[in-house]
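Chain by chain, the residues run as shown.
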Amino acid sequence: MKRLNRYLIIWWKLTLGTTQIAFQSRFGAVLFLLGKLLRYVFFLLFLVLLVNRAKVIAGYTFWEIVLFYATFNFLDTLPQFFFRNVYRFRQQILNGYFDNLLLKPLPSLFHPLFGGSDMLDLFVLILSAGFIIFAGWHSDHVTVLRVLLYILLLMNGFIISLGFHIFVLGTGILSTAVDNTVMLYRDLTQMGRLPIEVYQEPLRGLITFVIPVGIMMTYPGRALLGLLSWQGVVIALVFGVGLLFISLRFWSYALRHYTSASN
Amino acid sequence: MVIQINHLTKFYQVHQKEPGFAGSMKSLFHRTYYDAKAVNDISFEIDEGELVGFIGPNGAGKTTTLKCLTGLLYPTSGQVSVLGYTPFQRKHEYLKQISLVMGQKNQLWWDLPAIDSFLLNKEIYEIPADQYNKTVAELSELLDVEDILQVQVRKLSLGQRMKCELIAALIHTPKILFLDEPTIGLDVVMQQKLRDFVKAYNENFNATVILTSHYMKDVEELCRRVIIIDHGKILYDGKLANIVKKYAKNKSITVIFEKPVTREKLKQLGEVASFDPLKAVVIVPRDKSNYVASKLLEQFPVEDLNIEEPNIEEIIRDVFANQASSV
Amino acid sequence: MKLYLQVAKNTWDEMMSYRFNFAMWRLRNVLQLLTVYYLWLAVTPQNGHIFGYSRSLILTYVLGASLIGSIVFSTRTQEMGDNINNGELSQFLIRPFGYLGYWFARDIGDKLFNVSFALAELTIIYFILRPSIFLQPNIFAVLLTIGAICIAVVMNFFLGSLLGMIAFWSPEVWAPRFIFFTLVSFFAGGLFPLDILPVPMQRVFAFLPFGYLQYFPLQIYLGKLSSNGLIQGFCIALVWCLLLYFLVTWVWRKGLRVYSSEGN
Chain U
443 MKRLNRYLII WWKLTLGTTQ IAFQSRFGAV LFLLGKLLRY VFFLLFLVLL VNRAKVIAGY
503 TFWEIVLFYA TFNFLDTLPQ FFFRNVYRFR QQILNGYFDN LLLKPLPSLF HPLFGGSDML
563 DLFVLILSAG FIIFAGWHSD HVTVLRVLLY ILLLMNGFII SLGFHIFVLG TGILSTAVDN
623 TVMLYRDLTQ MGRLPIEVYQ EPLRGLITFV IPVGIMMTYP GRALLGLLSW QGVVIALVFG
683 VGLLFISLRF WSYALRHYTS ASN
Chain Y
17 MVIQINHLTK FYQVHQKEPG FAGSMKSLFH RTYYDAKAVN DISFEIDEGE LVGFIGPNGA
77 GKTTTLKCLT GLLYPTSGQV SVLGYTPFQR KHEYLKQISL VMGQKNQLWW DLPAIDSFLL
137 NKEIYEIPAD QYNKTVAELS ELLDVEDILQ VQVRKLSLGQ RMKCELIAAL IHTPKILFLD
197 EPTIGLDVVM QQKLRDFVKA YNENFNATVI LTSHYMKDVE ELCRRVIIID HGKILYDGKL
257 ANIVKKYAKN KSITVIFEKP VTREKLKQLG EVASFDPLKA VVIVPRDKSN YVASKLLEQF
317 PVEDLNIEEP NIEEIIRDVF ANQASSV
Chain V
75 MKLYLQVAKN TWDEMMSYRF NFAMWRLRNV LQLLTVYYLW LAVTPQNGHI FGYSRSLILT
135 YVLGASLIGS IVFSTRTQEM GDNINNGELS QFLIRPFGYL GYWFARDIGD KLFNVSFALA
195 ELTIIYFILR PSIFLQPNIF AVLLTIGAIC IAVVMNFFLG SLLGMIAFWS PEVWAPRFIF
255 FTLVSFFAGG LFPLDILPVP MQRVFAFLPF GYLQYFPLQI YLGKLSSNGL IQGFCIALVW
315 CLLLYFLVTW VWRKGLRVYS SEGN
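Chains as they are written, first to last, in the working numbering: chain U, 443 to 705; chain Y, 17 to 343; chain V, 75 to 338.
Since the hints were derived computationally from the structure, they do not count as laboratory data.
Fair warning: there could be bad hints in the mix.
Here are the simulated lysine-lysine pairs, PhoX-like style, with alpha carbons at most 20 Å apart [what the hints assert, rightly or not]:
#, chain 1, residue 1, chain 2, residue 2
1, U, LYS455, Y, LYS265
2, U, LYS444, Y, LYS209
3, Y, LYS311, Y, LYS283
4, Y, LYS171, Y, LYS112
5, Y, LYS265, Y, LYS249
6, Y, LYS107, U, LYS444
7, Y, LYS261, Y, LYS275
8, Y, LYS265, Y, LYS295
9, Y, LYS255, Y, LYS215
10, Y, LYS191, Y, LYS112
11, U, LYS444, Y, LYS138
12, U, LYS444, U, LYS455
Next comes chain U alone, as it looks inside the complex (with noise of 0.2 Å):
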């Protein structure tokens, strides 16, 4: 317990700093907010045009569409608010940070994962929170206990970005390649922006087992609508712990093979 309190408030000051400096370069900051902002607005303004001639897409109505387009922000902003430090990685071990870093006396994921919240990114997140109930506020069929099961789906969801997180920083470690690396896991979770039964096999199939993208983005709307068995669930819950899991073993497999920027 002490030691959570300990990691809290480095955490805390960590983001009180990132932000800080972030507000030094307000200009840059309020535009990619804006760019941010713009990208959700437009994406929604094209469901609404394709919904509206289409009617119904992969058998999903208007606004369980807009559900699933919901969770997906949610899910696209909460990793970011708290990992946004993984996409300076790449930075920190070209000129040596990591070195610094690896000294301190704290476990060798804290700073990499958590060391760079800006507080500014948590103004979307708590727009996107609200998307959530409004988009669920019109769905059928919601129960309290559908609703617990969403909101357990969703923390699996945010496991398994960790998951995806730290093993992008494993390959960052093993060849600097971060950035794409990083933006392929965007382009993946981009794909459950639309409830993956849009997409056919055997590409379905692919994106929900071997890439988890199906059961981040797409199983917590199917439980809150009813549609997802207690199998599901299961499944969904041991993908999230595996990948996990996994994960951090690539992780320390890494660090044994880090061999650090010469002077």
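Given the structure of chain U, go ahead and fit chains Y and V onto it with the hints provided.
Same frame as chain U, but now just chains Y and V:
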């Protein structure tokens, strides 16, 4: 004995690429690697409070050794034990007792004042408030940076930044201080200040200090014991003073003449390293130095004469040259 | 000329030296394509139309947009901004060749690289997914499409250069480019053909440069434009090119003045 290294070996795999277009297409599918032997079976022990210098040319394995000692690198084989811990396991209790300062690499937040980085380290190292305040006050007074702690690090001069980096690295008063090329890029005054500081830290806290450097002055002033490394192997481990006795075969005599002299006449007494009608440097075997000196005074119009030990740098260069030629 | 060829070749070599990075980025391109492809496959009825596009037409559109995108959007102009910011521009200014010409040559190297792999990937995807493709029989239309693509390449280069030259006045080089990417990803036609937008919006976008980067060439290829539409489109596109050219040279001159007055 705080540091013990046994048969430490660290190899890297380096990729060989053939030049040109064909080479790059080939490397897409099949890569050849060779083993770069950064550290190749080295062993030594260091006691508490020692101040040891690692000397060697670039790529000798000094930095790699330091990084193995601090847990950054995973040894290919061999045992490393520091303060009873295995560094690579990165136990928090171990990391709280050591510090590694790398010449040009910064740990301070660039866009914030140095004090913010200190406060962060206070939390990370779990330093009690009163100890923290005391340490910061002492160190900043010693290094004369009290006024600039609230200034953005990016706005500080290189010297000021270096001092703040040092404080950040010592805020937890580590028992072992590793310094990797600490004086690189600093002006002469700063270099001296740093040396004085390191010496004071070693004496006041009985801290063990290991440093690597290119500058012989660092090593001469600070270290009684040196370890010479080249191509990943230890060439020498012992007192600095003994290197001179062991490897320096000659002494150099610098002479200044009242009237111009000829090179030929000088050559009879010994090897002429540099010549100028009014000033010359002659190299002679150690045991003959006094004899030659007296001959010089006899035979030449000498205004001033000086017998010198060769530069430690030259001695070491010779050691490497011998090593290279015997390989 | 030889110099520019060498520059293009060097860019190619650079890109090849990062094997893993390169595989990742190609994979990303394929994924982005598949996402859009399946989306349209899901909403377009098997034998019907949506927004006036049959399955065959819309899938041709999607694949075509991907190919055109790889030609038009691959660029190195983002490095221009870094160049200016870290002062490396000075080294270039003393060399005996045109700065913009240099960057265009780099772009070409980048594009050649991109296109070769895009073509390979599209071929593989075609043989796996077997969509029914619309092949334009009219050679003249194909030639016009190629012409429109060339205009798009030049346009994107100018736009990218303008974004890069922001660096003369501000260290923020990525944020404006990010906004630009966001706008392009929706309104150049890569995600959807612009004619699904409400007509008033379409009229506005006809006068903006975005649509001419991907949508316009595709419309020519798919035969969706009347001769009036063709003429109007080409005129507007060319006007934009000219405008952007003058803008770029003017901003370049102004920027250089600022750059040298800062003691670079």
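Results of checking the hints against the structure:
| no. | hint | verdict |
| --- | --- | --- |
| 1 | LYS455(U) with LYS265(Y) | 59 Å, violated |
| 2 | LYS444(U) with LYS209(Y) | 41 Å, violated |
| 3 | LYS311(Y) with LYS283(Y) | 12 Å, holds |
| 4 | LYS171(Y) with LYS112(Y) | 30 Å, violated |
| 5 | LYS265(Y) with LYS249(Y) | 24 Å, violated |
| 6 | LYS107(Y) with LYS444(U) | 17 Å, holds |
| 7 | LYS261(Y) with LYS275(Y) | 35 Å, violated |
| 8 | LYS265(Y) with LYS295(Y) | 23 Å, violated |
| 9 | LYS255(Y) with LYS215(Y) | 17 Å, holds |
| 10 | LYS191(Y) with LYS112(Y) | 9 Å, holds |
| 11 | LYS444(U) with LYS138(Y) | 16 Å, holds |
| 12 | LYS444(U) with LYS455(U) | 17 Å, holds |
Taken one by one, the earlier hints fail for this structure at numbers 1, 2, 4, 5, 7 and 8, listed in ascending order.
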